[in-house]
Amino acid sequence: MSATIAVPNPSVWDRVRTYSPSRRYLPVVATFALFIGMFGAGGIRYEGFTDPQVFLSLLLDNSFLIVLAVGMTFVILSGGIDLSVGSVVALSTMIAAKTLEMGWSPYLSMVTVLVVGTLLGTLMGLLIHYLDIQPFIATLAGLFLARGLTYLISTESIPITDATFTELAFASITLPGGYYTTWTVVVALATVVVAAAVLARTRFGRTVYAVGGNEASAMLMGLRVAAVKVGVYAISGFCAALGGLLFGLYTLSGYSLHAVGMELDAIAAVVIGGTLLTGGRGFVVGSLLGVLVLGTIQTFISFDGTLNSWWTRIVIGALLLVFVVVQRLMTRRQT
Amino acid sequence: MTDTLDRAPAPERGAARPGLAGRLLGHQLLWPVLAIIVMLVIDVIANPSFLDVRIQDGHLYGNVIDIARNSAPVMLVALGMTLVIATRGIDLSVGAVAAIAAAVACTRIVESADEGAASATILASTTALAVCVLLGVWNGFLVSVLGIQPIIATLVLMVAGRGLAMLITDGQITTPTNDTFSNLASGFVLGLPIAFLIALGMVALTAVLTRRTALGMLIEAVGINPDASRLAGVRARTITWTVYVFGAVCAGLAGLIIAANTNSVNANSLGLWIELDAILAVVIGGTALTGGRFSLAGTVVGALLIATLVRTIPSIGIPSEANYLFKAFVVILVCLLQSPRARAALRVRGRRGAQPKAVAA
Amino acid sequence: MTHTQEQVVTVRPEPSQQPVVEMRDISITFGTVSALDRVSMRLFPGEVHALMGENGAGKSTLIKALTGVYTIDAGTIVVGGEEHEFHTPAAAQAAGISTVYQEVNLVPNLTVAENMLLGREPRRFGAINVRAMNRRARQTLERLGLDVNPGSLLGDHPIAVQQLVAIARAVDVDARVVILDEPTSSLDADEVEKLFDVMRRLREHGVAIVFVSHFLDQIYEIADRMTILRNGRLVEERMVAETSQLELVRLMIGRELEVLERLDRDQRQAAVSSETPVLKAVGLSRKGSLEATDLTLYEGEVVGVAGLLGSGRTELARLLFGADTADHGELEVRSSRRRLRSPRHAIDRKMAFSSEDRKAEGVIGDLTVADNMLLALQASRGWLRPIPQATRARLVRDYIQALDIRPADPDALMRNLSGGNQQKVLLARWLITDPDVLILDEPTRGIDIGAKTQIQTLVADLAAKGMAVVFISAELEEVLRLSHRVVVMRDRRKIRELPNDDVSVSDVLEIIAGEARQTEEGTA
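Residue numbers (my numbering), protein chains in the order written: chain A, 1 to 335; chain B, 1001 to 1361; chain C, 2001 to 2524.
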């Protein structure tokens, strides 16, 4: 394996070797190394794995998950958790499919989906902050509610045939070198960029970290804790709805059994991306890397052909374990 | 038995002991029990013969019996979950554990020499439960030894567990043919469904174990204040660990019953979201998610409430899949009823930020 | 805690200006309990105002009323001539009132600069301008004479620095009033000096500072005026310079001081004759908390441990009991030599330990008084052998009576008891296990004077019956009153051990001070 690792010129190597990232960035660096390592290993084992188009497909196949993970990052950074996102994705595909079937304008349909998702998130945030209901249980209600609404609209799968939607789904953007990507990827990456800017450079973003670090302190510091705690769930709801739209574009259907358990993938991606599940530490970029790691596992398995799909879950579980244990040991050493 | 079961925290109303009516009104289980009654009344209005129970082949049949039988898996999982929650924990992996147990049992039965023999079921179920003990030990290790937050620690098995179950069944829907096994779900003893009796048996066993010994008090102590308990010499680690093992065994039993009900195991969907139903049952029963005092009777009522709800929805002409919607409302309602803030807001204008606290000296 | 006033105190004349804050007749009740009853307080610009009172006097409630954490039930708060009622800390901050709490209320996962400026960061085009923020933070820190890198994570600094950053945050708001609620309790002498330096600078800028501290010497060093509370009521407002320490103590604890003094005379100097060692620790140490320490306990004696917070006194207790595991050293209990790896081992060897942190490490709030009392005994019996009903009832009844626990209801929930009664229940928890060695870390902290006296009497009685007691307290008088032998600690080690014959508080203080050496450590 060492043979394929390109030997960088010494000056860069020196810089790499002597560069010690602030402890804050260590988890993200670790995830990045993991991703590169996996991709490299895939390149050695399977022909065509390192083709840039494989990487682009990775983004394409996981664009919705990236968006979900971004929303989840906000929630987890604030010290909460959102179990409802998978169900909200299903609800979003269903609302889109149903309204399009009823002949609504595709734009109105999209706006409706986003508004519903954001409202659901806001509602959960209100329950969590103002009634002191644990995030876990409030978003559990959200999970049931969204899934129930989906069933209420239709128990059958509804295909999406609207011209604008299909066009969006299939339109490809040609990149130099003959590679291509889709608008869904652009949307997903744009979400990451916007989220990263919000978290790093706005009062809202910094307050998210403060609340996750110590909510009581944030309150006593006179920060707008309420706005943040409700806000992160609204953002997560919005991201889940947006992810739902992307998922709808990906599958071109609305179905009540879509995205079952996707909240687990989103949470796993965030944790593997180095965000502390107890809140206060982590980066959106890490979550993006986390999704890419999950996607690479899947690509691995599909390239291999002899491995069965359930290995994906087992490997994700194992990775989760490693990250959780390492996080635990690191925080233990600090205290 | 209710005497043993019911040591739910009495509502605090100052020093004065309320009378019988007051105790009844203030009782934690008043609302869930009322809810069950209301649902049954609605059922009777929709279908006047809903409550009828008839005897056929010496067995009891009827909607009520069905409710009892169908409540068994959730009741079992919730039973384990109650103790886990009492220690300030939570076990998200129970659905996956149930799937693994079912997968192990079914594949063992199918692989055994005489697929129809009762011994095959006994051997297979024992193996399955032994596997559950191991899974519980794993969860307990992460939580009590490594000190990882329960919700995170059990997430690992929740994610990986279904993969493991599919590994065991090789991704196939395994369908054993064994009468003893299917009797776990559909059989009757003394006219009552075996599944319900198993669940009740476990409840009774747990009640005796926790309330007739000091286990319950020690679990509560650990749940309320782990540090203080450790300094008082309580083996908090052992207790926490035990509780996760117990939770996994309960989940395994539930998995066996679910698999027996359909005589098949689909590792992908068996016990899906049962952890959420179980947590819901526990919360309905008045055990706080923050740990501490627990009520087994409450959990039984909670599981029955969920089963009644699931039965009621189709009987009044709503598609049964919509039960999620109603569960959502139940969750919100229960939370509202239990949230001190919501109650304060309902009663009088609350004092902002001033949590009632013991006044120092 | 000398009884004569030695320090030179800057006598400040009654300011002619209007008070910046005037709280009049403030009342707050929690449920049925009155926490504050018509209390008034005035704050003038450019003064350090000490808020004095025993634990439970209502100091923190009054502070929280001023900072908007609690809403007041009656009374008025006038700030800068305008009447206000604060409902949130943010509202109070907007009116120029900032607070630094004992447990630093900042977030460890953000930088120093962010902690100082969170919520009012300089922005450019809507985005936070990190450079400007760090610059402004550095300026403020420099103004206070603090050398801290604004870009470093707050959590990487010791508590003392975090505390100073918290003050810097308060100052940055251009606060008119800064409230310091027990900021010195975990600081060493150098750090306290640094803090006082910052406080003096603020005073010169005309800021009114409310200062809460349990160290009387600190009050006399820095404060100008004080308001004294007792049991939720105002006792008096005084100029510090016009009040002697003895007078102040009397005002704070009321007439019951005489009771204490009597107890003092009665109990001191009771000699012990026993030569039987119960516990022998040799070279007990743990990295970062205690340097190698020897200690021997004999039957029937009370060993007092004196030392300031962070001196290693609590750490010693925890190592003796196995609450923390020792890196090195040997512990011999009743001549069985084994390392104690957990409290269980210690309890099995008939030891008992009451932690200084009653709430976090003692009380099981949602269990009944009876369950709390029987917890340790039950734990050592194991869950399979519940204590028989009759025994339970008898034990609980006896101890409720013997320790005068109120309410005398075994089924009352522990969290509804007052601090003093909770402490008594915790003592009962250990007495029920019939220990040979009883380690008490600050058993009288934060409880009312009546319960305090009862506990002190109890300790003396227990020793008289042959129990070996380790008694740790921040109050030197209390340590000296009860102990047969005194161990003085400093800088995480034992510096002196002396028989308690006519040792005075100032003797002990001199020992502590005599060993003075510059040290970076001392943060608890």
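None of these hints come from the bench; they were simulated from the model.
Where a beta carbon is used, it is the ideal one built from N, C-alpha and C, also for glycine.
Hints may contain errors.
[To be verified] Anything over 12 Å on all C-beta distances counts as not near chain A; from chain B, calculated: (1) 1036; (2) 1114; (3) 1119; (4) 1130; (5) 1155; (6) 1315; (7) 1320; (8) 1331.
[Stated by the list, open to error] Sample of chain B residues at the chain C side, in silico, Cβ under 10 Å: (9) 1107; (10) 1110; (11) 1112; (12) 1116; (13) 1215; (14) 1216; (15) 1219; (16) 1223; (17) 1227; (18) 1229; (19) 1289; (20) 1292; (21) 1293.
[What the hints assert, rightly or not] Derived pair list, reagent style SDA-like, types lysine to any residue, alpha-carbon separation capped at 25 Å: (22) C/2359 x C/2475; (23) C/2287 x A/216; (24) C/2359 x A/216; (25) A/98 x B/1037; (26) C/2359 x C/2410.
Just to be careful: measuring from the Cβ of residue 1107 of chain B to every Cβ in chain C, is the smallest value less than 10 Å? violated, 37 Å
Say whether it holds or is violated: residue 1130 of chain B keeps its Cβ farther than 12 Å from all Cβ of chain A. holds, 21 Å
Verdict on residue 1036 of chain B as a residue remote from chain A, using beta-carbon distances over 12 Å: Residue 1036 of chain B is indeed farther than 12 Å from all Cβ atoms of chain A, at 19 Å.
Over 12 Å from every CB of chain A: does residue 1315 of chain B meet that, or does the non-interface label fail? holds, 17 Å
Restraint: residue 1219 of chain B near chain C, CB-CB cut 10 Å. Satisfied or not? holds, 9 Å
With the threshold set at 25 Å, check whether the alpha-carbon distance from residue 2359 of chain C to residue 2475 of chain C stays at or below it. holds, 20 Å
Does residue 1289 of chain B pass the interface hint, meaning its C-beta sits closer than 10 Å to a C-beta of chain C? violated, 14 Å
Restraint check for residue 98 of chain A with residue 1037 of chain B, where alpha carbons must lie at most 25 Å apart: violated, 37 Å
Hinted pair residue 2287 of chain C and residue 216 of chain A, Cα distance within 25 Å: Given that 25 Å is the threshold and the Cα spacing comes to 31 Å, the pair is violated.
Just want to verify: residue 1119 of chain B was marked as not at the interface with chain A; is every Cβ pair farther apart than 12 Å? Label holds. Min Cβ-Cβ 30 Å, cutoff 12 Å.
Is the Cα-Cα distance between residue 2359 of chain C and residue 2410 of chain C 25 Å or less? holds, 19 Å
The output says residue 1155 of chain B does not contact chain A. Does that hold with a beta carbon cutoff of 12 Å? Violated, because the least Cβ-Cβ distance between residue 1155 of chain B and chain A comes to about 7 Å, which does not exceed 12 Å.
Checked against the numbered hints given earlier, the structure breaks hints 5, 7, 8, 9, 10, 11, 12, 19, 23, 25 and satisfies all the rest.
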